[in-house]
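Given the coordinates of chain A, work out where chain B should sit on it, guided by the hints.
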Amino acid sequence: MKALNSRRWIITVAVMAIALAVLMFFAQFVGAKYVSPANFFRGMTHAETVVLVQYHLPRVLVAALVGAALAVCGAVFQGILRNPLADPFILGISGGGTVGAVFAVAAGAEVVVFGFSTVTVFAFIGSLGALALVVAFSKIRGTVATHNLILAGVVLNAIFSAAILFMMSIMPFVEMRSIYQWLMGSLYNAIALEPPQIGVAAVIVFVGALLLLAMAKSMNLFALGEETARQMGVRAERTRLACLILTAILTGVAVSITGPIGFVGLIVPHIMRLLVGPDHRILLPASFFGGAIFLLVADSVARSVLPLTGLSLSELPVGVATALCGGPFFLWLLRARSRRAIFGK
Amino acid sequence: MRYLSRVVQFCLCIGLAALACCGPASGNPALPAPPKKIVSLSPAVTEILYELGLGDRVIADTAFCNYPADAMNKEKVGDFFTVNEEKIIWLEPDLVIDTTSMAHKAMWRRLNRAGIPVVDFDVNTMEGVYGAYVEIGKAAGVEEKARELVDSLKGQLAAIRDRCASAATRPRVMFFVEYPNLTVVGKGTFIDRLITDAGCENAVTQAGWQQNFPKELVAEMKPDIIIHAVDGSMLTARYAKEIRDSWADAANVPAVAEGRIFIVNGDTTTRPGPRIVIGWSEIARLVHPELYEQE
Numbered sequence: 000m001k002a003l004n005s006r007r008w009i010i011t012v013a014v015m016a017i018a019l020a021v022l023m024f025f026a027q028f029v030g031a032k033y034v035s036p037a038n039f040f041r042g043m044t045h046a047e048t049v050v051l052v053q054y055h056l057p058r059v060l061v062a063a064l065v066g067a068a069l070a071v072c073g074a075v076f077q078g079i080l081r082n083p084l085a086d087p088f089i090l091g092i093s094g095g096g097t098v099g100a101v102f103a104v105a106a107g108a109e110v111v112v113f114g115f116s117t118v119t120v121f122a123f124i125g126s127l128g129a130l131a132l133v134v135a136f137s138k139i140r141g142t143v144a145t146h147n148l149i150l151a152g153v154v155l156n157a158i159f160s161a162a163i164l165f166m167m168s169i170m171p172f173v174e175m176r177s178i179y180q181w182l183m184g185s186l187y188n189a190i191a192l193e194p195p196q197i198g199v200a201a202v203i204v205f206v207g208a209l210l211l212l213a214m215a216k217s218m219n220l221f222a223l224g225e226e227t228a229r230q231m232g233v234r235a236e237r238t239r240l241a242c243l244i245l246t247a248i249l250t251g252v253a254v255s256i257t258g259p260i261g262f263v264g265l266i267v268p269h270i271m272r273l274l275v276g277p278d279h280r281i282l283l284p285a286s287f288f289g290g291a292i293f294l295l296v297a298d299s300v301a302r303s304v305l306p307l308t309g310l311s312l313s314e315l316p317v318g319v320a321t322a323l324c325g326g327p328f329f330l331w332l333l334r335a336r337s338r339r340a341i342f343g344k
Numbered sequence: 000m001r002y003l004s005r006v007v008q009f010c011l012c013i014g015l016a017a018l019a020c021c022g023p024a025s026g027n028p029a030l031p032a033p034p035k036k037i038v039s040l041s042p043a044v045t046e047i048l049y050e051l052g053l054g055d056r057v058i059a060d061t062a063f064c065n066y067p068a069d070a071m072n073k074e075k076v077g078d079f080f081t082v083n084e085e086k087i088i089w090l091e092p093d094l095v096i097d098t099t100s101m102a103h104k105a106m107w108r109r110l111n112r113a114g115i116p117v118v119d120f121d122v123n124t125m126e127g128v129y130g131a132y133v134e135i136g137k138a139a140g141v142e143e144k145a146r147e148l149v150d151s152l153k154g155q156l157a158a159i160r161d162r163c164a165s166a167a168t169r170p171r172v173m174f175f176v177e178y179p180n181l182t183v184v185g186k187g188t189f190i191d192r193l194i195t196d197a198g199c200e201n202a203v204t205q206a207g208w209q210q211n212f213p214k215e216l217v218a219e220m221k222p223d224i225i226i227h228a229v230d231g232s233m234l235t236a237r238y239a240k241e242i243r244d245s246w247a248d249a250a251n252v253p254a255v256a257e258g259r260i261f262i263v264n265g266d267t268t269t270r271p272g273p274r275i276v277i278g279w280s281e282i283a284r285l286v287h288p289e290l291y292e293q294e
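Here the protein sequences come in this chain order: A and B.
Numbering that gives the first Met the number 0 puts the first residue of the first sequence at 0, with every later residue one more than the last.
Numbering that gives the first Met the number 0 puts the first residue of the second sequence at 0, with every later residue one more than the last.
By construction, these hints were calculated from the structure, which means they are not laboratory data.
Treat each hint with caution, since some may be false.
Stated by the list, open to error - Restricting the straight-line Cα-Cα distance to at most 20 angstroms, the calculated cross-link-like pairs of lysine to aspartate or glutamate (EDC-like) are:
| # | chain 1 | residue 1 | chain 2 | residue 2 |
| --- | --- | --- | --- | --- |
| 1 | B | Lys-104 | B | Asp-121 |
| 2 | B | Lys-144 | B | Asp-55 |
| 3 | B | Lys-36 | A | Glu-47 |
| 4 | A | Lys-32 | B | Asp-55 |
| 5 | B | Lys-104 | B | Asp-93 |
| 6 | B | Lys-86 | A | Glu-47 |
As the list claims (entries may be wrong) - Quick list of the computed label-pair ranges, beta carbon to beta carbon:
| # | chain 1 | residue 1 | chain 2 | residue 2 | range |
| --- | --- | --- | --- | --- | --- |
| 7 | A | Ala-106 | B | Gly-187 | 17 to 23 angstroms |
| 8 | B | Asp-55 | A | Leu-274 | 56 to 62 angstroms |
| 9 | B | Asp-55 | A | Ala-108 | 42 to 48 angstroms |
| 10 | A | Ala-20 | B | Lys-144 | 53 to 59 angstroms |
Given the structure is predicted, the values throughout are model-derived calculations rather than measurements.
Think of the CB as a built atom: it goes at the ideal place given N, C-alpha and C, for glycine as much as any other residue.
One chain only, chain A, in its complex shape (with noise of 0.2 angstroms):
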């Protein structure tokens, strides 16, 4: 890998955030049903208008917006825990996210902030809840030890699946209806959003991302242990703390909007790695537009290969596409190099 200079940073990040701004263009014609690119400068019918206006344009959007905080959290997270399994949702955050969604929608409560919608609130609440309550219980002598935080993170879901599950079984049926799409992770939710909310999502995402690199050179360090990187000088536990923090915000973002989407978070930072090296300077920008592009192109055939093919009229939950492009993918990585080829410096 050749080393990281200006102009192969600025070549990487703009030839990626060319490929998304053109992909995003060309996803919004692409649905239920196809609508010619040609027609969107020859002038569309009313419908055509209101399918890529109203259902088309909010997904394009929160997709790539979803996406990119997902691989960024995911390549943060893979860089200060020093494990390659690690995806945005290892510390619970999803848990607690689902639990937050389930118990609004179970409580009936009515709580709109900014326009975002009860689920989305709660999700959001419980997201940065579980992250709270995995820093407390891995805390040993007051500094957070990463096993630790691993460990708590696992057991932590897994008492998060058992409330949902009793808040399920105790829901009546027809309330489940209500947050069924979002528990299987989708981008349909993004209809619901307005301009405003995808707006401040936005915001909170790019700002999220820039801080986040910001803190890269750390990350670096950390990479090659917490001792060496406390002897080079960085402020391991605050600068741990703070990466926890933003990526918490970011993945609740994230899941409260579309809820848990699986394998972008962690396939994504993996390929970014293969390609443009292990320096978070450029690891994080290149997970930000890959996890954009990645989620977009999911969702694109997610949403649109089951009624073109005429099948049916559903769409498939986009976990099935990310998973079913992610997975093989994954398992091909694992098998072609060692772990420390795709890990190691």
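Just chain B, lined up with the frame of chain A:
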């Protein structure tokens, strides 16, 4: 960092440009009269539409709309969990009819904004069903017919009620709508009222539909009659036998001991539409055979 800010600017530009296109499409439209392209999002509503002679105006319905047979040939825009809103937009209907549901409110708003009017009816009571008839009839210009059908429905239900009122016994009934995970109908539902009208008493005292009802509680409630409503498409002799046999281990329940386990068509007994009188006159016949002997 200079490059970084440039990248950020680029992304923000895309985002803002996209958001700028994303304004509301139109205001809240008025109900068109009479609607010519109707989408029905409920099997009960579909049956009512056909009953009113508006079947040819239905352009799409749900995967569960199986009656009359013609309804199955219509374009499908939804199933129990999801509605494909995009598909509705493509069909350009001038009216969408749904049943009242909190979960669908946001969807109605979006359809309205796209210029498609939506009306919803709470068909969880017979009054709601009558209201749906009259309102749809009014909008489609067949109000007279709607009122006649409502009167006829009311009359037929009253006939069942009157006949069953003279029954010597009021058997205690448990009405299951799901199997093998038992879901039983409790108080306050429209089926509960129909149970009463059929000269029976609902053995379940809890309100609403009880999911995953434990079998040992059935033994405790000692119903005289057990009724299972099964989806019309699943109703076979073999399935009915399977359900009956599943009660063999509860011989201390009077309904089981006396062999009074009835398997009925859920489409006509639990779907709040025109065929409810067919389903429930059958049930009345099953629970009070003595009242129908002279026929």
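Going back to the hint list, which numbers does this structure go against?
Going through the list in order, the structure violates hint 4 alone and respects the others.
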